[in-house]
Amino acid sequence: MKRTRVFQITVLLLVIVAAVQVGYWLFDQHQQGVEKTAGLTRLYDQESAAAGTMLAAGLPVAQVQALFPDLAVSADHVELAPAHRAELVAEQQRRMTQYLWEGGFFLFALFLCIGAIFIALRGEKRVLNEQEQFLALVSHQFKTPLASLQLSLETMGLRQLPPERSKALMDRMLSDLTRMEAMVGQILDSSRLSHGRMELKTEAVRLDAAVSRVVSQYLERAQTDHISIESQIPSQLEVLSDPIALDAVVRNILENALAAVAPVGGGKVLLTARALDAEVELVVRDSGIGFRPADQPQLFRKFSRLNAGAGSSYYGTGLGLFIVQRLMQLTGGRVSASSEGLGRGAEFLLHWPRVVEHS
Amino acid sequence: MNAPAYHVMVVEDDPHLAAGVVENLRAEGYAVDTVGDGRKAVEWFESHHCDLLVLDVMLPGMDGFAVCSTLRERGTKTPVLFLTARGDAADRIRGLEAGGDDYLAKPFHLQEFLLRVRAILRRWDWYRASARTQGSDVLKFAGNEVDFRAFRGRSWNGEEQELTEKEAMILKVLAEKPGEIVSREDLLEKVWGYDVFPSTRTVDNFILKLRKRFERDPATPVHFLTVWGVGYRFLSGDGS
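Sequence order for the protein chains is A and B. So for the first sequence, my numbering puts the first residue at 1; every next one is plus one. So for the second sequence, my numbering puts the first residue at 1; every next one is plus one.
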C-alpha cells in the first residue's frame, strides 16, 4: 500500500514538472519564434529598405555591403546573409533537439513510474488474493473439526450411550480441539513470520533434547495412525538457533511427515542427525505419499498443499512448511526437500550453524 | 422405522467425521460402508451398489463433484447427499449440477442430516414404487416412449434418450396427474424436497430439457405446458 502511494506521488510530481516544462517551452518558443523573429524581420526590413535606397542612390555595392554586414548585397538584390540564415536555422534546430530530449526523458520517466505502479498494484492484488484464499482455506479447515465436534456432542445428546462409547466420543472431541489449537498456533506463527514480528535469539541448543521433546508429544497420534517414529540423534550435537523456533521447526516438520504417512495407512518416520564441517544436519525421512520432483519448488510456499486433501485430515493449513522455511532462514539455517515421486516417501534436510567447540 | 435393507456409502476423508456419521447411520438401522478417497469411491461403485451416497467435496484423489459427475456419466443413479465445508450458493449449484440430490454444509446438525437422508430415500422409494406398481413403468405419449425404471426413452423421431434421474422424476410427477396443474413448489418438494435450490426457476430449466427431448417443436410445446405464474400441465395427446 505504502509503495503504491509513493509511486502515485512521484507520478503526480512528474506530471507537474512536465507541465511546467511544457509551459516553459511554449514561452521559450514564443520568445524565439515570435518576438525574436519579429524583431529580426523588422530589422531586416529596415536594413533592406535602407540598403535598397542606397543602391538606388548610386552607392557602390561594396560600400553598401560594408555598411550592412548582415545582408547579402548585389547590384539588383538585397537579402539576409546565408551565414546569418544558417545561424537562425541552427538555433531553431538546437531548440527542437533540446525539446525532444527533454520531452523524451519525461515521457520515459512517466512510463517508468506507470510501469512501477502497475507492478505494485498487481503485487497488491496478489496479496489480497492470497489473503482471501487464506481466509477461505482457514475457514474450511476449521469447519471439519468443528463439524466433528458438533456431531459428537449431538450424538451424545441424541442417544443413550454406554460409558465406554461416551468416553470414546469425548476423546474424539478432545482430539478435535487439539487439532484446532494446533491450527490456530500455525496461523498465528505464519502471520507473525509474514510481518517479521518475531524476536529470535541465537544460542546453543541441544538438538537431541529438542527433537525428543517434540517426538514424545506425537507418539500417541503416530500410534493411532500406525506410524513408527524413530529418532537417532547423537547426544552431544548442539546447534545455533532460537530454542522456540527450533521447537516449532521440528514440530512442523514432524507434523508434515505424519500427515504424509497417515493417508497410506501407516509407515515410518526416521530422524537422524550428524555434524558437518560448520553445520549440523537433521534428516527427516518418511515413507508417506511423497511428491512429484517437479512440485519441489512449491513445497515451501505459503498455502501450498500439494496433495490437497491427502494430508488434510490433520493440520492441512498449507502453512507448516512455510513456517519451517521462514524460521530456518531467520535463524541462519536452511531446509531442503526431495522425493523420488508420488507414493515413494520424502526426505527433508535441515541445516543449522554448528556450535564451535572450545579446544 | 428404517428398513435395514437401506445401504449407505459414506465418502469422507476426515476419520473423526466419517466415524461419527457412520456410527449415527448405523444406529438408525442403515447398513453403512465408508471410504476416504474419491478415486476409491468411484472404484467401489464398479462392483457395488447402494441406496444413498453421502459425499464430501474436498477429497484426496478426486474431489466430490468429479466423483458425482463420473458416477452419473457411468449411469449410476444412486442419490447423492453432498456434505461439505464449502457452503456458498455457487457451490451448492455446482454440486447439484454435478448430479447431487441434496447439499448440507459443515458443521451440520445431526438430526437435520438424518432427516435429509430419510427424505432422499423416501423420494426414491416413491419413484421406484410408482414406477413399479401402477403398471406405469413405461409412459407412452404422442410417439414418445419413456421407461422409468431404465431411465431411458425414445422420442417421436426415433432418437434414443438417456434421462437423468431428476428429469425422470419430474416427468413421473407430471404424468401421474395428466391434464392437471402441478405447481413448481410441488415439483420441488416431490423431486428435491427441502430448500435445496435458491429458486423455482431450476424446475423451469428441467422442463426445457424435457421439451427438447420430447416435443416436436420445443418452442411451441403441446405436452409440457406452462401455466403462467403457477406451474406446469402435462398433456399426453398430440395436441391436434
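I should point out that these hints are in silico values taken from the structure, not numbers from a laboratory. There's no promise every hint is true.
To be verified - Dumping the calculated DSS-like pairs for lysine-lysine here, alpha-carbon to alpha-carbon at most 25 Å:
1. B/K209 with B/K77
2. B/K190 with A/K268
3. B/K190 with B/K166
4. A/K125 with A/K268
5. B/K209 with B/K177
6. B/K209 with A/K143
Each hint tested on the structure:
1. B/K209 with B/K77: 18 Å, holds
2. B/K190 with A/K268: Roughly 52 Å separates the two Cα atoms, so the pair is violated.
3. B/K190 with B/K166: 10 Å, holds
4. A/K125 with A/K268: 42 Å, violated
5. B/K209 with B/K177: 20 Å, holds
6. B/K209 with A/K143: Cα-Cα ~37 Å, so violated.
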